[in-house]
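Enquirer: Chains as they are written, first to last, in the working numbering: chain B, 1 to 103; chain X, 1 to 152.
Hints are computed from structural coordinates only; laboratory data are not their basis. Don't take every hint at face value.
Simulated crosslink set (DSS-like; lysine-lysine; CA at most 27 Å straight-line) [said to hold, decoys possible]:
(1) B:K34 <-> B:K7
(2) X:K85 <-> X:K141
(3) B:K92 <-> X:K144
(4) X:K36 <-> B:K38
(5) X:K144 <-> B:K67
(6) X:K109 <-> X:K65
(7) B:K67 <-> X:K135
(8) B:K34 <-> X:K122
(9) B:K7 <-> X:K122
(10) B:K5 <-> B:K95
(11) B:K18 <-> X:K85
(12) B:K18 <-> B:K101
(13) B:K31 <-> X:K122
(14) B:K95 <-> X:K140
(15) B:K80 <-> X:K109
(16) B:K9 <-> B:K92
(17) X:K135 <-> B:K38
(18) B:K9 <-> X:K109
(19) B:K7 <-> X:K85
(20) X:K122 <-> X:K36
(21) B:K33 <-> X:K85
(22) B:K101 <-> X:K36
Short derived list, chain X residues pointing at chain B, Cβ under 7 Å [as the list claims (entries may be wrong)]:
(23) A49
(24) I69
(25) V75
(26) L106
(27) K119
The beta carbon of each residue, even a glycine, is placed where N, CA and C say it ideally should be.
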Amino acid sequence: MASIKLKAKSKNGVTSVKALINHPMETGLRKDKKTGEKIPAHFIQEVTCDLNGERVMTAYWGGSVSKNPYVAFNIDGGAKGDAITLAWVDNKGEKDSVEDKVD
Amino acid sequence: MSMKRRTFLKGTVAAVGVAAAAGLLSPRAVLADWPKAAFDAKSMDDATAAAGLSGFEHSDDIEIKAPDIAENGAVVPISVTSGMKAESISILASANGTPMAATFELGAKAQSFVSVRIKMGKTSDVFAIVKSGGKAYANKKQVKVTIGGCGG
Numbered sequence: 001m002a003s004i005k006l007k008a009k010s011k012n013g014v015t016s017v018k019a020l021i022n023h024p025m026e027t028g029l030r031k032d033k034k035t036g037e038k039i040p041a042h043f044i045q046e047v048t049c050d051l052n053g054e055r056v057m058t059a060y061w062g063g064s065v066s067k068n069p070y071v072a073f074n075i076d077g078g079a080k081g082d083a084i085t086l087a088w089v090d091n092k093g094e095k096d097s098v099e100d101k102v103d
Numbered sequence: 001m002s003m004k005r006r007t008f009l010k011g012t013v014a015a016v017g018v019a020a021a022a023g024l025l026s027p028r029a030v031l032a033d034w035p036k037a038a039f040d041a042k043s044m045d046d047a048t049a050a051a052g053l054s055g056f057e058h059s060d061d062i063e064i065k066a067p068d069i070a071e072n073g074a075v076v077p078i079s080v081t082s083g084m085k086a087e088s089i090s091i092l093a094s095a096n097g098t099p100m101a102a103t104f105e106l107g108a109k110a111q112s113f114v115s116v117r118i119k120m121g122k123t124s125d126v127f128a129i130v131k132s133g134g135k136a137y138a139n140k141k142q143v144k145v146t147i148g149g150c151g152g
């Protein structure tokens, strides 16, 4: 299940990380238009990023992060070929992660 | 298919358990850390208090990039940059049913910048709260929403 598109680029001593995650991000407040029943909450709660095994960022999200979330941040240092890992866990315990090399 | 998935999940859970027991995972990696009280809070005051950010001071050294008018409240791009060394950056939409949208805990190597897209139910201020040196600083920007993003 490849739910994550990850791009990490090193330039002038800074690694920029951009990720796009496929996820419905349901708040639990929306109603199904046909049945009128509430759609249960289903959203990513935690996103973590490691550079060469070192934790650089932990994000805690609520249901008000948009569907198919996009996230970007920058890391001091990092070089081409470094290992970068991005992982998420949602409120149902589903998870995914991707490992890539910095470009 | 489902049997395999079950086995896979079991294996993963066991592996995580072993890793946690061996101290390989920092406590931050365990989901119990998700600040439920902050995300469930229904007002700015309650959300910031639950997140340990109450009593924040205004700072112009926090730049919020967001559209003046968001045509679609379901997808409002927000970027926050600060000249301060941020330990964490939190993004809140004050008029949302639950204002807390996201908190980013930034490691020593992470720069004071995050970009994310959030949902906004109606026109309101977007707050960016930066924790730096144990203190909380905030700035805000109004985003006008023409179609809300929190309803059906």
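Enquirer: Among the hints numbered above, which are violated by the structure, and what are their numbers in rising order?
Expert: The structure breaks hints 1, 3, 7, 9, 14, 16, 17, 21, 22, 23 and 24; every other hint is satisfied.
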